[in-house]
Every structure is written in structure tokens, then in C-alpha cells.
Amino acid sequence: MTLSTEDGQLYYKLWFPLLDYVNEKYKVNENLAKMAEAKSLNPNEVKTVADKLWDDVTVIDEYLSSLGDIPQEHKAIVSGWKRRIRGRFVLERHLKKGSIFISMDDEKVYQVSGIISSWEEMFPYGPMPLMLDATFMPFKDVIISDGLVMPYNIMLGRNMTKTFKEVYMAAKKSGRLQKTL
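In our numbering, the protein residues as written are 127 to 307.
Take the hints with a grain of salt, since some may be wrong.
Under the rule of at most 25 Å between Cα atoms (straight-line distance), these lysine-lysine pairs were calculated in the DSS-like manner [as the list claims (entries may be wrong)]:
id, residue 1, residue 2
1, Lys299, Lys288
2, Lys208, Lys173
3, Lys223, Lys153
4, Lys222, Lys153
Using C-beta positions, here's what the derived DEER-type ranges look like [what the hints assert, rightly or not]:
id, residue 1, residue 2, range
5, Gly301, Asn155, 39 to 45 Å
6, Met286, Gly194, 46 to 52 Å
7, Glu156, Asp182, 19 to 25 Å
8, Lys234, Lys208, 28 to 34 Å
9, Lys153, Asn285, 43 to 49 Å
Rather than coming from a laboratory, the hints here were simulated on the basis of the structure.
Only a predicted model underlies this, so the values are computations on that prediction, with no experimental measurement involved.
Every residue, glycine too, gets a C-beta built ideally from N, C-alpha and C.
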């Protein structure tokens, strides 16, 4: 599952100006001026700016107070990103309503939507389950990632695969599958 085309565009319309603000404030990468207007970007360079943001999400409040008059809905979306979750996750399976990720830290299970491409499209050849570093954030009524995902080039054995399946099934059965943040 992915966001609607309109919501995908809205995400990037809100995301890149925030990254520009963080980059200018902290001078993370001088080569990344005006990401919101760039035709193409190097994800590794953008990730360094996003990491700075995620290290101290209080900058989101500063950013929002620096803006002029923007719709309240947009402010609420950006403000919600302070509830982001960063960590190492296992991409366990793909469903019609999103892909299933299990936190390696606490075994919480998340249903995450793609922004423009589904997770299945982004990792079509990766062995499942797939371990990766990611940041998840709320967007309206779903969970998405910031789009800057770093997969690990390791294969998990049968026992680990079975364990992750059991974690997912238990979360689903008990109602602990998190679909929002």
C-alpha cells in the first residue's frame, strides 16, 4: 500500500522544506541548498540532514513557529513527526494495507505504508525477512518512513524467520499491531 498521489505529494511538500530548515540551521551539508527545489538528490546526503533532525526533534517546533500562515492540517502533520520511531527493524511481510515491520529492540509490530512506491516495489529482490534501519513517522492515519531506509546485506535463517512470523501472528491476534503512531 502507498499513500494516495495527493498525499505523497503533500508529504514531500512538507518534508523537504523542513529538511532545508534543519540543514540551514545546523549547516549539515552546504551542497544541499534548497532540497525542496532539487531535481535529484543523493539519499546518503539527505540522510545526514534527516539524522540531525531525528536526533533533536524540538527543532520541529522552531520550524513551525518560523512559518507564516500554513494550514492547521499541515502543521499537525509536521508536528506529529516528533513521535517518530527510529531503529533497526525486520521487514517481515507485505500485506495489501501495508508492510509489516518488527522492531529489533522491543518486538513491537508496525504496519507501514509506502509513500509513492510500496515496500514490495522498493525491495523486490531482497530475501524476506529483511533487516534494515529506518525511521517511521505518522502521516494522517497511517505510518510511513522518512524514505531514507538502509537495508543490511544479511540473510536470516529459518529459525529467525519462524520467530518473526510468530511475533507478527501474536501481535495480530492480540490487537497489538500498530497502524498509527
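We went through each hint and held it up to the structure:
1. Lys299 / Lys288: Given pair Lys299, Lys288 holds - Cα atoms ~16 Å apart, limit 25 Å.
2. Lys208 / Lys173: 17 Å, holds
3. Lys223 / Lys153: 38 Å, violated
4. Lys222 / Lys153: 40 Å, violated
5. Gly301 / Asn155: 39 to 45 Å: Holds - the Cβ-Cβ distance for Gly301 and Asn155, about 43 Å, lies within 39 to 45 Å.
6. Met286 / Gly194: 46 to 52 Å: 50 Å, holds
7. Glu156 / Asp182: 19 to 25 Å: 20 Å, holds
8. Lys234 / Lys208: 28 to 34 Å: Given a distance of about 18 Å, which is not inside 28 to 34 Å, the answer is violated.
9. Lys153 / Asn285: 43 to 49 Å: For Lys153 and Asn285 the Cβ distance comes to about 47 Å; the hint holds.
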